[in-house]
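Listed here are the chains, written in short residue letters.
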Amino acid sequence: MPRGKMGMKKKKAISALLYHCLVALFCIVMIYPFLWMAASSFKPNSDIFSTVESLIPRSFTLEHYGDGWRGFAGFGFGSFYRNSVVIALLCTVGTVLSSVIVAFGFARLKFPGRGFWFGLMMLTMMLPSQVLMIPQFLLFNTFKMVGTFLPLFLPAFFGNAFDVFMVMQFIRGIPREMDDAARIDGCGWYGVFWRIYLPMIRPAVATVAVLTFLGSWQDFMGPLLYLNGPGQYTVAYALKLFNDSAGNDYGATFAMSVLSLVPVLILFFLFQKQLVEGISLQGLKG
Amino acid sequence: MEDKKKRTWRQKTAAVLNKQWVAGYVFIFPFIIGVLVFKLAPFFTSFYLAFTDYSVLSPPKWIGLDNFRKMFLQDEKFWASLLVTFKFAFVQVPVKLAVSLLVALVLSRRSRAVGVYRTIFYIPSLMGGSVAVALLWKQLFAMDGVINVLLGWIGIPPVQWLTNPSTALYVLIGLGVWQFGSSMLIFLAAIQNVPATYYEAARIDGAGGFTCFFRITLPMITPVLFFNLVNQLIGALQAFNSSYLITSGGPLNSTLYYGLHLYNRAFKYYEMGYGCAMAWFMLVIIGIFTALVFRSSSAWVYYESEVK
Numbered sequence: 624m625p626r627g628k629m630g631m632k633k634k635k636a637i638s639a640l641l642y643h644c645l646v647a648l649f650c651i652v653m654i655y656p657f658l659w660m661a662a663s664s665f666k667p668n669s670d671i672f673s674t675v676e677s678l679i680p681r682s683f684t685l686e687h688y689g690d691g692w693r694g695f696a697g698f699g700f701g702s703f704y705r706n707s708v709v710i711a712l713l714c715t716v717g718t719v720l721s722s723v724i725v726a727f728g729f730a731r732l733k734f735p736g737r738g739f740w741f742g743l744m745m746l747t748m749m750l751p752s753q754v755l756m757i758p759q760f761l762l763f764n765t766f767k768m769v770g771t772f773l774p775l776f777l778p779a780f781f782g783n784a785f786d787v788f789m790v791m792q793f794i795r796g797i798p799r800e801m802d803d804a805a806r807i808d809g810c811g812w813y814g815v816f817w818r819i820y821l822p823m824i825r826p827a828v829a830t831v832a833v834l835t836f837l838g839s840w841q842d843f844m845g846p847l848l849y850l851n852g853p854g855q856y857t858v859a860y861a862l863k864l865f866n867d868s869a870g871n872d873y874g875a876t877f878a879m880s881v882l883s884l885v886p887v888l889i890l891f892f893l894f895q896k897q898l899v900e901g902i903s904l905q906g907l908k909g
Numbered sequence: 002m003e004d005k006k007k008r009t010w011r012q013k014t015a016a017v018l019n020k021q022w023v024a025g026y027v028f029i030f031p032f033i034i035g036v037l038v039f040k041l042a043p044f045f046t047s048f049y050l051a052f053t054d055y056s057v058l059s060p061p062k063w064i065g066l067d068n069f070r071k072m073f074l075q076d077e078k079f080w081a082s083l084l085v086t087f088k089f090a091f092v093q094v095p096v097k098l099a100v101s102l103l104v105a106l107v108l109s110r111r112s113r114a115v116g117v118y119r120t121i122f123y124i125p126s127l128m129g130g131s132v133a134v135a136l137l138w139k140q141l142f143a144m145d146g147v148i149n150v151l152l153g154w155i156g157i158p159p160v161q162w163l164t165n166p167s168t169a170l171y172v173l174i175g176l177g178v179w180q181f182g183s184s185m186l187i188f189l190a191a192i193q194n195v196p197a198t199y200y201e202a203a204r205i206d207g208a209g210g211f212t213c214f215f216r217i218t219l220p221m222i223t224p225v226l227f228f229n230l231v232n233q234l235i236g237a238l239q240a241f242n243s244s245y246l247i248t249s250g251g252p253l254n255s256t257l258y259y260g261l262h263l264y265n266r267a268f269k270y271y272e273m274g275y276g277c278a279m280a281w282f283m284l285v286i287i288g289i290f291t292a293l294v295f296r297s298s299s300a301w302v303y304y305e306s307e308v309k
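Residue numbers (our numbering), protein chains in the order written: chain A, 624 to 909; chain B, 2 to 309.
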């Protein structure tokens with residue numbers, strides 16, 4: 624029955640077409656706000672709300688980028704960018720180093736008290752950040768660290784529970800025979816970690832690094848609590864204050880908003896695989 | 002002679018360090034310091050401070066249960082903020098979970114384009130917590146913003162979304178729901194993990210799409226549903242950014258999250274003791290909810306290994 628088969632095929636093709644049209648439409652709705660923001664950042668201020676529905680600027684301008692970049696209070700976005708990059712990089716280095724080391728200890732070594740410390744780590748994972756916010760602030764205040772970058776990156780060097788757990792899950796997937804063989808060949812635990820595990824857990828390291836960098840880059844609460852003075856502000860925090868001070872200059876706020884998201888987008892597209900896999904696996908392995 | 006002595010000393014240290022339990026503690030040492038300094042010490046300090054009057058400038062003064070008395074009996078904003086937070090969490094979490102599950106189901110079809118769709122849906126949740134998006138959201142729902150213009154096309158008069166106490170919170174909930182991407186990814190991974198043979202067997206027995214979903218897919222992904230539920234609930238109860246950035250708690254405290262009220266009391270008015278008391282109350286509430294979800298889980302979360 625060639626005819627019936629043709630009909631089936633046609634039906635299938637139509638339903639596939641319908642499916643892709645609907646999902647693609649929904650995609651556009653989902654990212655429409657971003658497109659609108661990007662388009663508005665190229666429109667003159669008088670056009671932003673009078674041609675609110677149009678994604679293509681009637682008259683194209685780059686002035687918002689120049690105006691915005693100059694920043695406020697004598698500090699430009701160049702300075703805010705530098706602060707954000709420094710803090711995010713320090714956070715990333717600290718988190719990667721500490722979580723890899725701690726994860727190896729928990730995942731591969733047997734020692735008295737391991738269960739206790741591991742349980743403690745899982746408990747701290749569930750602790751709401753609000754409970755720790757005030758005493759941590761007081762702690763940093765006592766050591767005169769408020770108004771420096773230290774409170775924003777120092778804790779990263781002592782093992783973040785989520786990241787430790789993620790690397791641990793990865794290490795557990797590596798066959799133990801590897802380290803037994805190395806041990807027999809006279810390799811110490813540190814050698815096993817350095818020569819065998821470190822090279823093998825690189826994918827997990829990449830995921831942890833990107834997630835940490837993005838988290839730190841977009842962090843708002845930390846800078847709000849700990850930074851004093853525009854010379855220290857990060858992009859995220861400066862953006863909020865810039866918006867407050869810019870008043871009706873929406874274009875400049877949008878332009879700087881776009882610039883604040885560019886690094887996020889670049890990292891996302893570079894490390895898409897690691898990110899998506901990292902998030903997907905969170906639920907499965909938990 | 003001296004050289005030999007040195008070497009044996011070094012070898013001895015190496016041997017000690019290489020004992021498994023010593024090595025274990027060497028590796029987790031950063032964590033031990035971190036958990037003591039940044040977690041446990043603050044945790045107990047916070048508990049102590051909850052019973053004190055402390056404004057940073059003068060040393061904490063023990064006032065017993067006064068903070069809690071003030072919280073329950075005098076601070077009207079405390080109850081308002083608690084109510085706002087419950088409303089926020091109990092509307093946002095179910096809607097977000099439903100949307101993310103639905104989209105995950107739609108995307109579970111095997112097709113090359115699915116990878117692209119998945120990426121696009123994930124973008125809002127990648128950047129949703131950022132200041133840029135909060136500021137953008139504020140403009141979208143402005144009186145002359147995109148949303149009102151779009152509504153105008155279908156004949157609905159413009160709405161004062163952010164200055165009307167009955168709609169403002171829903172704008173913030175919408176922002177949260179829009180970021181369904183990460184829970185959607187987790188659902189999607191779980192759905193794709195369900196063995197195809199289950200569906201094949203069901204089809205042979207004549208099961209339709211709905212039966213397959215309710216009898217196979219849904220039970221199989223309950224562990225992930227549980228994980229998402231706990232995660233989202235805890236996150237929603239601690240919300241802060243969207244209210245601080247978009248509405249500053251207004252209008253008429255209709256979006257005053259508990260976290261924002263706590264922040265204001267502690268860091269605007271320097272009532273650190275009161276802030277700690279509020280934080281501990283929230284800890285108890287989160288504890289109760291988490292315990293309830295965990296206890297109920299045996300009734301609805303299905304773990305494959307239990308059956309075998």
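No lab work stands behind these hints: they were computed from the structure.
Any given hint could be a false lead.
[Claimed, not checked] Listed below are the simulated DSS-like cross-link pairs for lysine-lysine, each with C-alpha atoms no more than 25 Å apart in a straight line:
no. : chain 1 : residue 1 : chain 2 : residue 2
1   : A       : K733      : B       : K62
2   : B       : K78       : B       : K88
3   : B       : K269      : B       : K20
4   : B       : K88       : B       : K62
5   : B       : K13       : B       : K269
6   : B       : K139      : B       : K13
7   : B       : K62       : A       : K767
8   : B       : K78       : B       : K20
9   : B       : K88       : B       : K13
10  : A       : K733      : B       : K269
11  : B       : K269      : B       : K139
12  : B       : K269      : A       : K767
[As the list claims (entries may be wrong)] Taking CB as the label site, the calculated pair distances span:
no. : chain 1 : residue 1 : chain 2 : residue 2 : range
13  : A       : L648      : B       : Q193      : 16 to 26 Å
14  : A       : A804      : B       : W10       : 50 to 60 Å
15  : B       : L74       : A       : W692      : 44 to 54 Å
16  : B       : P159      : A       : G796      : 52 to 62 Å
17  : B       : T164      : A       : V885      : 52 to 62 Å
18  : B       : Y304      : A       : G814      : 36 to 46 Å
19  : A       : G814      : B       : L219      : 46 to 56 Å
20  : B       : T168      : A       : L648      : 49 to 59 Å
21  : A       : K635      : B       : F290      : 25 to 35 Å
22  : B       : G209      : A       : I797      : 23 to 33 Å
Where a beta carbon is used, it is the ideal one built from N, C-alpha and C, also for glycine.
Hints versus structure:
1. K733(A) / K62(B): 45 Å, violated
2. K78(B) / K88(B): 15 Å, holds
3. K269(B) / K20(B): 52 Å, violated
4. K88(B) / K62(B): 35 Å, violated
5. K13(B) / K269(B): Measuring from Cα to Cα gives roughly 57 Å; hence the hint is violated.
6. K139(B) / K13(B): Status violated; Cα separation ~65 Å.
7. K62(B) / K767(A): 22 Å, holds
8. K78(B) / K20(B): Violated, at about 57 Å.
9. K88(B) / K13(B): With Cα atoms ~63 Å apart, K88(B) and K13(B) exceed 25 Å; violated.
10. K733(A) / K269(B): 48 Å, violated
11. K269(B) / K139(B): The hint holds at about 24 Å.
12. K269(B) / K767(A): The hint holds at about 20 Å.
13. L648(A) / Q193(B): 16 to 26 Å: 24 Å, holds
14. A804(A) / W10(B): 50 to 60 Å: Once the Cβ atoms are compared, 30 Å apart, the range 50 to 60 Å for W10(B) and A804(A) is violated.
15. L74(B) / W692(A): 44 to 54 Å: 52 Å, holds
16. P159(B) / G796(A): 52 to 62 Å: Taking Cβ atoms as reference, P159(B) and G796(A) lie about 55 Å apart, which means the hint holds.
17. T164(B) / V885(A): 52 to 62 Å: Check failed, 32 Å falls outside 52 to 62 Å.
18. Y304(B) / G814(A): 36 to 46 Å: Roughly 39 Å apart at Cβ, these two residues keep to the hinted range, so it holds.
19. G814(A) / L219(B): 46 to 56 Å: 49 Å, holds
20. T168(B) / L648(A): 49 to 59 Å: With Cβ atoms ~26 Å apart, the hint is violated.
21. K635(A) / F290(B): 25 to 35 Å: Violated - the Cβ-Cβ distance for K635(A) and F290(B), about 46 Å, lies outside 25 to 35 Å.
22. G209(B) / I797(A): 23 to 33 Å: 43 Å, violated
In this structure, the earlier hints numbered 1, 3, 4, 5, 6, 8, 9, 10, 14, 17, 20, 21 and 22 are contradicted, and the remaining ones agree with it.
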